[in-house]
Amino acid sequence: MIFDMDIETLPREELEALQLKRLQTQCERVYANVAFYRRAFDEAGIKPADIKSLADLRYLPFTEKQDLRNHYPFGLFAVPKDNVVRVHASSGTTGRATVVGYTQRDINIWGRLVARCFAAAGATRRDIIHVAYGYGLFTGGLGAHYGAEELGAITVPVSGGGTRRQAMLLKDFGATVLCCTPSYSLVLYETALEAGIDFKELPLRVGVFGAEPWTDEMRRDIETKMGIKAIDIYGLSEVMGPGVGIECAEAQAGAHLMEDHFLCEVIDPVTKEPVAPGEAGELVITTLTKEAQPVIRYRTRDITRLVYTPCKCGRTFARMQRVHGRSDDMLIIRGVNVFPSQIESILLETEGLTPHYQLVVRRDGNLDTLTVQVEVDEKLFSDEIKNLQRLEGKIQKNIKEFLGVTAQVKLVEPRAIQRSEGKAKRILDLRNE
Amino acid sequence: MKAEQISIFLENRTGRLEEVTRVLAEAGISIRALSLADTSDFGILRLIVSDHEKAKKALKDSGFTVGRNAVVAVEVSDKPGGLHAILNLLNAGGVNVEYMYAFVHQCERSAVIIFRFDRTDQAIELLQKNNITIIPGDKLYTI
Numbered sequence: 001m002i003f004d005m006d007i008e009t010l011p012r013e014e015l016e017a018l019q020l021k022r023l024q025t026q027c028e029r030v031y032a033n034v035a036f037y038r039r040a041f042d043e044a045g046i047k048p049a050d051i052k053s054l055a056d057l058r059y060l061p062f063t064e065k066q067d068l069r070n071h072y073p074f075g076l077f078a079v080p081k082d083n084v085v086r087v088h089a090s091s092g093t094t095g096r097a098t099v100v101g102y103t104q105r106d107i108n109i110w111g112r113l114v115a116r117c118f119a120a121a122g123a124t125r126r127d128i129i130h131v132a133y134g135y136g137l138f139t140g141g142l143g144a145h146y147g148a149e150e151l152g153a154i155t156v157p158v159s160g161g162g163t164r165r166q167a168m169l170l171k172d173f174g175a176t177v178l179c180c181t182p183s184y185s186l187v188l189y190e191t192a193l194e195a196g197i198d199f200k201e202l203p204l205r206v207g208v209f210g211a212e213p214w215t216d217e218m219r220r221d222i223e224t225k226m227g228i229k230a231i232d233i234y235g236l237s238e239v240m241g242p243g244v245g246i247e248c249a250e251a252q253a254g255a256h257l258m259e260d261h262f263l264c265e266v267i268d269p270v271t272k273e274p275v276a277p278g279e280a281g282e283l284v285i286t287t288l289t290k291e292a293q294p295v296i297r298y299r300t301r302d303i304t305r306l307v308y309t310p311c312k313c314g315r316t317f318a319r320m321q322r323v324h325g326r327s328d329d330m331l332i333i334r335g336v337n338v339f340p341s342q343i344e345s346i347l348l349e350t351e352g353l354t355p356h357y358q359l360v361v362r363r364d365g366n367l368d369t370l371t372v373q374v375e376v377d378e379k380l381f382s383d384e385i386k387n388l389q390r391l392e393g394k395i396q397k398n399i400k401e402f403l404g405v406t407a408q409v410k411l412v413e414p415r416a417i418q419r420s421e422g423k424a425k426r427i428l429d430l431r432n433e
Numbered sequence: 001m002k003a004e005q006i007s008i009f010l011e012n013r014t015g016r017l018e019e020v021t022r023v024l025a026e027a028g029i030s031i032r033a034l035s036l037a038d039t040s041d042f043g044i045l046r047l048i049v050s051d052h053e054k055a056k057k058a059l060k061d062s063g064f065t066v067g068r069n070a071v072v073a074v075e076v077s078d079k080p081g082g083l084h085a086i087l088n089l090l091n092a093g094g095v096n097v098e099y100m101y102a103f104v105h106q107c108e109r110s111a112v113i114i115f116r117f118d119r120t121d122q123a124i125e126l127l128q129k130n131n132i133t134i135i136p137g138d139k140l141y142t143i
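Protein sequence lines correspond, in order, to chains G and S. Residues in the first sequence are numbered consecutively from 1, following the working numbering. Residues in the second sequence are numbered consecutively from 1, following the working numbering.
Worth double-checking, as some hints may not be accurate.
[Said to hold, decoys possible] Which stretches of chain G does chain S cover? Using the computed rule of at least three CB atoms under 8 Å from a CB of chain S, they are:
| hint | segment |
| --- | --- |
| 1 | 364–378 |
| 2 | 383–393 |
| 3 | 405–414 |
These aren't lab readings, by the way, just hints derived from the structure by calculation. From the three backbone atoms N, C-alpha and C, an ideal C-beta is built for every residue, glycine too.
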């Protein structure tokens, strides 16, 4: 179901006209009200009035996560504090927390967008939505909550934790939609099974999962085990929270971005220039309607690709491919951007396994070389040299074909690859040694 | 009539082979026959041992990747043309030898060749039909 039929199916030209109008207004507002942006615009030599088309977006300054930290807590508000009705904050595991503020209108729009998401996932007001995202400073719980209420569904604000009790409530209330992180859904599922509750026998039919990257393999696993449709929801607190994008139940092929409220572009994280349409790069988001704390060209660090081809659900909003890495993890090998996750997908596709691997980057003279070390487990192993060499060759060929870089593939013994706290260290960069 | 061989993945690093023999020695396992195939990066060690279950477990516990394969142990008379007669037979029967290695019987005047075939069952049938002696696994492990 399409919640906002008129908007979500707007022809692209009309959508872009709306985006431009909103972008111009937004630029004027931040220039007038936020000291940080006035300075950034001035340094970039651009005035809000210079924005004549969406193509002019590229001349606007970027906003980084660090900018939010530098203005902790309320330094980026574009409205008087009196008009702010709520704040959320990130956990700040890698530094100061980043704080975001919302006006009443921001909260209303957020609810509306998350309601669109539930509708796209196949939910209606007749559903019972079990919200197991954490409630609190984290945007997940309250974000999903307001959307579920806006949709008109029965909203169950369970929040995180108390897994065994959650499983019982899920059964007793007969929830039809589960909302949490994909990994928590599996924990909940296992715990329920131990308590004799099989998701397959419950009315549960849809999962709206997000807040962490997950693969298609994981989706298939969840769908088969639980007998539900698993939908990916995208969002980040810096621009709003969950609900920036949602997959439609019809196609399940990338999250439709709410482009009437978010202007999305993809840039090369190194040159910071926009990539050609359809190419992979870092997603950059400009909020178009946010009042309390708008952001201009916020660098999400999420690596993705935007697809503009018409979707069978009828929505005209662009779809973002599943996030396949963070630009923080990116390697540049002889000018080609390489993400560990891309190598991982190639390995998965080559042998259909989850091999442990490590990327080793060295500098030979002026040339960067990439070696992909793959641990040989029993499934990969053969007693015949030619089979192992064929495997090396196949991986090498696929990397060359998909990524355009020549990599040496080296088979190594299990546990040859360093692990820290149970997590594999994926990159060994020896170029500066 | 098949015999069990274990194979071990080894990186081309100092001390890896020594580590394998140490593990086997500590587990009280005798090596009956062995062959090492290598490339510049890695090697595959193939072994016939006195107790392959125990050997496999000991090696796996020490972190090695271990495989098991069916091979055929053939008795070859220790005289000129002995091996040729067998290979000739296999070739005529369309069976490919993936690899092979040999050892000499201590008390009898014959050699034992361990064969890894592409089509093991067909090879066994062919050899038996031509009265070639195949040494069954249980006998091989205690030679």
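Right, here's what the structure says about each hint:
1. Beta-carbon proximity to chain S at under 8 Å applies to 3 residues in the segment 364–378 of chain G; the threshold of 3 is reached and the given coverage holds.
2. For a cut-off of 8 Å, the count of residues in the segment 383–393 of chain G with a CB near a CB of chain S stands at 5, and the three-residue condition holds.
3. Coverage of the segment 405–414 of chain G by chain S holds in this model, with 5 residues showing a Cβ closer than 8 Å to a Cβ of that chain against a need of three.
Consistency with the previously given hints is maintained throughout, with no hint failing.
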